[in-house]
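K.L.:
Chains as they are written, first to last, in our numbering: chain A, 733 to 952; chain B, 50 to 269; chain C, 2 to 125.
Since the hints were derived computationally from the structure, they do not count as laboratory data.
Hints are supplied without guarantee of correctness; some may be wrong.
[To be verified] List of simulated lysine to aspartate or glutamate pairs, DMTMM-like, C-alpha gap at most 20 Å:
hint, chain 1, residue 1, chain 2, residue 2
1, C, K4, A, E951
2, C, K77, C, E24
3, C, K50, C, D38
4, C, K35, C, D80
5, C, K4, A, E823
6, C, K107, C, D80
7, C, K4, B, E126
8, C, K57, C, D95
9, C, K50, C, D73
10, C, K35, C, D66
11, C, K4, B, D125
12, C, K87, B, E158
13, C, K50, C, D74
14, C, K107, C, D74
15, C, K107, C, D84
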Amino acid sequence: MSLRGAVAVLVKDARCELRSKQAISAVLLFAVTSTIAVSFTLGMIGSDAAVASTLLWVVIYFSAMAGLGRSFAHEEETYTAGLLRLAVPAESVYVGKLAFNFLTLAAVEVVTVPLFVLLTDCRVARVGAFIGMLLLGSAALSAGATAAAAMVSRAASKGALFAGVSFPLLAPALGIAIAGTNAALASSPAGCAADMRLLVYYCGVVITASLMLFRCIWEE
Amino acid sequence: MGRVGTRAILPIWLQVFVGVEMTAVIVAAFLYVPPADGFASPECARIMIFHVPCAIIAVVAYIVSTVYAVLCLTRDEMASDVKSAASASLGFLFTALATVTGMIFARVEWGTAWNWDPRETSILMLVIIYAAYFALRGAIPNAANRARISAAYNILACLVMPFVMFVLPRISPGLHPSEVSLSPEYREALVGAMLGYVIIYVWMLRLAVRVREASLARRR
Amino acid sequence: MSKWMYVAGIALIAGFAALMVMELRNSTTPYVTKVADIRSFGDRPVQFKGRIVQGKTTYDRATHDLCFALADDAGKTLDVRYDGPKPGSFVTADYAVVRGVYRGGKFRADQLLLKCPSKYQGKR
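Use the sequences and the hints to build the structure in full.
P.N.:
As structure tokens, this is what we get:
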């Protein structure tokens with residue numbers, strides 16, 4: 733596995749995305765409208781930290797479902813997948829795509845999370861922990877989603893299948909992220925250090941397993 | 050590929066034995082086992098005799114399916130894939146039965162059919178994993194790709210399950226009993242049911258594998 | 002990928018899994034079985050399982066204030082106050098698990114779970 737190959741994949745995807753802005757604009761639109769919809773109702777019932785963290789992560793999760801599934805599918809559709817298989821070893825493809833998905837999700841969150849906090853007037857007790865939870869949770873979601881996207885890219889019906897296939901893989905990460913963000917928002921005494929560690933272990937397991945399995949998923 | 054096994058699916062004496070034995074268990078569950086003291090519906094506690102082995106076999110079937118998935122990727126691709134898929138389909142059946150019997154019992158005993166008890170939630174996760182697994186399999190036309198990708202998904206889902214199972218008890222202590230005392234009649238009926246279920250599972254597995262092998266051979 | 006990398010990968014996954022199990026063991030709300038120990042936890046939420054003491058249950062339907070007593074194996078009782086609707090199965094339940102904090106002489110529970118009777122015995 734070559735790191736240079738992974739970086740090359742990342743740069744290529746970033747360039748394509750910046751050129752067309754196709755996926756990112758759709759996902760961003762989805763994320764912003766959901767955030768507004770959620771904040772609208774949350775404003776009416778009053779924001780409890782648990783409810784706020786749940787709804788925030790639901791918005792992020794569905795944005796991930798909307799946006800991250802395309803990362804492999806468009807390679808298959810534009811027939812560049814074969815070239816990619818020849819040019820770069822399988823593991824590098826995975827790492828590159830993983831990095832790209834993570835950055836996409838992070839870019840979406842940079843816009844939606846401040847919007848959410850602003851619109852719901854959500855009190856963030858520990859900002860550092862909050863941002864840390866967001867980053868770790870996004871990393872966990874990206875890890876599972878990238879593996880699922882690769883598996884689904886060979887399948888016939890791609891859109892709905894991706895969401896269904898990635899849910900069992902991402903469900904624990906989602907649960908831990910929500911619990912941890914709840915702790916960060918509400919400044920509970922236990923703090924979210926335990927949840928952060930759990931997310932790190934989750935990422936460790938999923939990324940290691942995906943790296944080992946990726947050759948089977950990717951190669952012809 | 051295309052080799053169909055020719056050994057007997059299950060020896061005749063074992064088929065007769067399990068038929069007689071399970072009939073005895075069913076009769077015993079209703080006539081021999083006394084109604085349990087202290088339950089909301091003492092008669093309904095008998096369902097435990099059928100529900101517990103069902104749930105155990107559901108998990109065992111999943112583990113068998115994952116073991117064959119590993120074998121599929123490391124050793125014998127198509128033959129192990131057939132066994133993995135067969136065990137998964139049986140696991141789905143047993144999981145569905147366990148969920149239904151559990152919901153009946155929960156409705157009678159605790160008032161509501163679903164309580165988000167950790168065991169209930171993990172069995173629901175198992176149902177979703179099976180559903181996603183079969184959806185994925187159904188969507189990949191190429192047999193070799195299907196074998197590898199579904200095996201990879203099976204393994205990933207299995208690795209993620211411990212996170213689900215350990216995270217859930219943090220949410221609520223759970224309604225399922227942790228220490229159980231059984232009268233001798235219940236114990237005998239339960240052991241009998243467990244034995245019967247195991248033999249039936251092995252029988253059905255061999256049958257399912259044979260059917261799949263035959264249909265694959267016929268297609269060639 | 003060479004065999005060594007597979008071995009390393011599996012070891013890594015096993016390591017992460019072990020870390021996760023340890024983490025969860027430490028972070029679950031401590032499960033206390035003796036009333037005497039509860040006080041030592043101070044403000045930290047604990048879980049306590051005890052036998053419901055008959056005859057000491059009061060329920061104010063208007064304020065959803067359920068007060069009852071739980072006894073541990075040593076016979077010591079704990080006064081519990083639970084804010085919430087009285088579960089239907091309270092009358093038939095024999096054990097209850099409560100999660101909450103011990104404050105001002107009473108155990109204020111935020112979660113109440115009634116244990117289903119686990120004696121699969123016949124009526125004697």
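K.L.:
Where does the structure disagree with the numbered hints, that is, which hint numbers, in rising order?
P.N.:
2 and 10
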